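Residue numbers (the numbering used here), protein chains in the order written: chain A, 24 to 394; chain B, 20 to 319.
Read the hints as simulated data drawn from the structure, not as lab findings. Be a bit skeptical, because a hint or two may be false.
If the Cβ cut is set under 10 Å, some of the chain A residues that face chain B in the computed set are [unchecked claim]: (1) A73; (2) G74; (3) I78; (4) R98; (5) I100; (6) A101; (7) F104; (8) P111; (9) M113; (10) F121; (11) E124; (12) R126; (13) P129; (14) A136.
All figures in this text were calculated on a predicted structure; none of them were measured in a lab. The beta-carbon is built from N, C-alpha and C at its ideal position, and this holds for glycine as well.
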Amino acid sequence: MASLTIRNVIKRYGTIEILKGINIDIDDGEFLVLVGPSGCGKSTLLNMIAGLDTISDGTIAIDGRRVNELHPKDRDIAMVFQSYALYPNMSVEQNIGFGLEMRGVPKDERAKAIADVARLLQMEHLLKRKPSQLSGGQRQRVAMGRALVRNPKIFLFDEPLSNLDAKLRVEMRTEIKKLHQRLKSTIVYVTHDQIEAMTLATRIAVMRAGELQQLGTPREIYDTPANTFVAGFMGSPPMNLIRAKVVDHDGGPHAAIDRIQDGEIVLPLPANDGLRGAAGREIILGLRPENITDPQSAAAAGPGPVLETDCLIEVTEPTGPDLIAVVEMGGKEVMARLRPDANARPGQRSRLVFDMGKAVVFDAGTEARIA
Amino acid sequence: MAAVTDAALMVPGPRSTTQVALRWLLFAILGVFALVYLFPLFVMVVTSLKTLDEVRAGNLLSLPQNPTVEPWVSAWSTTCVGLTCEGLKGYFLNSILMTVPAVAISAVIGALNGYVLTKWRFRGDGVVFALILFGCFIPFQIVLLPMARTLGLLGLASSTPGLVFVHVVYGICFTTLFFRNYYAAFPNDLVKSAMIDGAGFFRIFWRILLPNSVPIIVVTVIWQFTNIWNDFLFGVSFAGGGGAMPVTVALNNIVNSSTGVKEYNVHMAAAIIAALPTLVVYVLAGRYFVRGLMAGAVKG
Chain A
24 MASLTIRNVI KRYGTIEILK GINIDIDDGE FLVLVGPSGC GKSTLLNMIA
74 GLDTISDGTI AIDGRRVNEL HPKDRDIAMV FQSYALYPNM SVEQNIGFGL
124 EMRGVPKDER AKAIADVARL LQMEHLLKRK PSQLSGGQRQ RVAMGRALVR
174 NPKIFLFDEP LSNLDAKLRV EMRTEIKKLH QRLKSTIVYV THDQIEAMTL
224 ATRIAVMRAG ELQQLGTPRE IYDTPANTFV AGFMGSPPMN LIRAKVVDHD
274 GGPHAAIDRI QDGEIVLPLP ANDGLRGAAG REIILGLRPE NITDPQSAAA
324 AGPGPVLETD CLIEVTEPTG PDLIAVVEMG GKEVMARLRP DANARPGQRS
374 RLVFDMGKAV VFDAGTEARI A
Chain B
20 MAAVTDAALM VPGPRSTTQV ALRWLLFAIL GVFALVYLFP LFVMVVTSLK
70 TLDEVRAGNL LSLPQNPTVE PWVSAWSTTC VGLTCEGLKG YFLNSILMTV
120 PAVAISAVIG ALNGYVLTKW RFRGDGVVFA LILFGCFIPF QIVLLPMART
170 LGLLGLASST PGLVFVHVVY GICFTTLFFR NYYAAFPNDL VKSAMIDGAG
220 FFRIFWRILL PNSVPIIVVT VIWQFTNIWN DFLFGVSFAG GGGAMPVTVA
270 LNNIVNSSTG VKEYNVHMAA AIIAALPTLV VYVLAGRYFV RGLMAGAVKG
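Here chain A stands alone, though its shape is the one from the complex (with noise of 0.2 Å):
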């Protein structure tokens, strides 16, 4: 278990900044996420914490003792590949005793750690088998299982779940956050699902294009992303982001928004320094689907200001526990999220409820957060 400092780290090939300078600090026993689209950097920075890809520029620290020079084996770290990679001429047992062997534990320690772990992922009855006897979520535990028997420092892990079936990959989520809750321990996670991010992670790194967007817990990613891109990355449906001007408006500032059929909306906008003095600032407003809802769900909706109004469906689409209904703003298909028995029909108007209290406002050129 181990802090991790990561220090204006860049990688470079040639002249090509692959990562751009990337600061992350995590405590001892944090979940850190490393999430975004793929070639944002996200699996080289995994690779230059594990020692597997060399550090251009910066620091990476574990535990305050810088580890740029230091090799793979000697950063105390184990890693969870998305191939799994297990050895296949090695059995079950082989395969997860191979780090303690290379590392000279003795026969009897070493299959007592090996059992103690078999013990703890419930996979006894396998250790005799070989890679190849074993299904996809199998191979996932004895991955895990060889990663855990070191007891390393820190964990890593490369997209572990990607190559899982969808229902198998739900369950051994779940069963990472166990693990992670049981062991109190440091994990790095790469992955370009955000649901995997959110349900995970103790802190969420959003990568793009070899630059941080974010870091920060789930909760304020989701609420408070930093910029546009972080807005409709995580979330699914992701958070809509319609283009306004904000306007003055009985006194506090409010979002106008172009619609082709309904004609202009004013929706309040939460009374924020940000907005001060901002009318006629042109802007993007981030809302998230659930808070554009029919007016039986919007009951529950929080404190900050509420605009009934109706609107014309396009689609709807139901999911199972909620309908998606889409509406025209701004030119752009906007998502609500409404009760899976709302009265919404395409082509009709409906009454929808915008719950502007959970509304960002980012600005419309530099698509940073501003509010």
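Assemble chain B onto chain A, guided by the hints.
Here is chain B on its own, set in the frame of chain A:
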């Protein structure tokens, strides 16, 4: 739609008379070719079991009247190779002493080369591989003179270690090619994982890569064994007269000796003895050979 259904039914359904006839024609042609290929072996085997008188009688195809293993015994232990009349046995042993180490050493070096070229990439590794690959296309004749000089300088001329050296040098290109292509498809994650587990360069090679390389090891061993065992040119050039003469050269000397009676039955037995080890290797490992070549080709 109808055409699709017809085509789909063609394979499992009843065949027309023409199809049956064509199939039989195919079998007939294949049978003829098989006979043509087996014919020389048949002649060799029957001739080697005949007495010299019977061979002189002239019928190549007839079965032996009084089967005898005398020609085999003679080929193995008494027939004359040049001036010594002790049969093939000494030369057979020479060949084994040359082939086994040469195969082993060239395979190990090839495996290490393949490992480094795929898992420990370095600047210019592509050029190095291209140069090694180029070695596969160098004809034997070109290296004869420089190699003779080199062996002389190393003090290895006309010796078994000298021949081993020559075959290792010549074989590395092929073994490297085989192993590099096999290891190119070998998952890098396994190597990374072993690195984190604390295994070093040789431990990763020995514990992770080699145990998972059985198909390509078999391919390499068959390829190298056949080439080195059957080699004549290097043998005759670098050990033609000495005590290190391999069995291929000895066979040639038996068959081409210009004095005395031509003992065809002994020659046939000697030829079969000289060819036997490669046959055995093929029979024992041939299945892996095809499978291994395919695996490398598809995955790479």
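To see whether the hints hold, each was checked on the structure:
Contact between A73 of chain A and chain B, as hinted, is supported at the beta carbon level, the nearest pair being about 6 Å apart and thus within 10 Å. Given hint, G74 of chain A at the interface with chain B, holds; its Cβ is 8 Å from that chain's nearest Cβ, closer than 10 Å. At its closest, the beta carbon of I78 of chain A sits 16 Å from a beta carbon of chain B; the interface hint therefore is violated under the 10 Å criterion. For R98 of chain A, the suggested interface contact is upheld, since its CB lies about 8 Å from the closest CB of chain B, less than 10 Å.
Because the closest C-beta pair between I100 of chain A and chain B is about 7 Å apart, less than 10 Å, the hint holds. Interface restraint check for A101 of chain A: the shortest CB-CB distance to chain B comes to about 7 Å, inside 10 Å, so the restraint holds. Interface hint status for F104 of chain A: upheld, as the beta-carbon distance to the closest one in chain B is roughly 5 Å, under 10 Å. Given the 10 Å rule on beta carbons, the hint for P111 of chain A holds: about 6 Å separates it from the nearest Cβ of chain B.
Given hint, M113 of chain A at the interface with chain B, holds; its Cβ is 8 Å from that chain's nearest Cβ, closer than 10 Å. Interface hint at F121 of chain A: satisfied, since its Cβ lies 5 Å from the closest Cβ of chain B, which is below the 10 Å cut-off. With a cut of 10 Å, the hint placing E124 of chain A at the interface with chain B holds, because the nearest CB-to-CB distance is about 8 Å. The beta carbon of R126 of chain A comes within 5 Å of a beta carbon in chain B, closer than 10 Å, and the hint placing it at the interface holds.
Evaluation of the P129 of chain A hint against chain B yields a violated restraint, the C-beta minimum of about 15 Å exceeding 10 Å. For A136 of chain A, the interface hint is violated, since its Cβ never comes within 10 Å of a Cβ in chain B; the closest pair sits about 14 Å apart.
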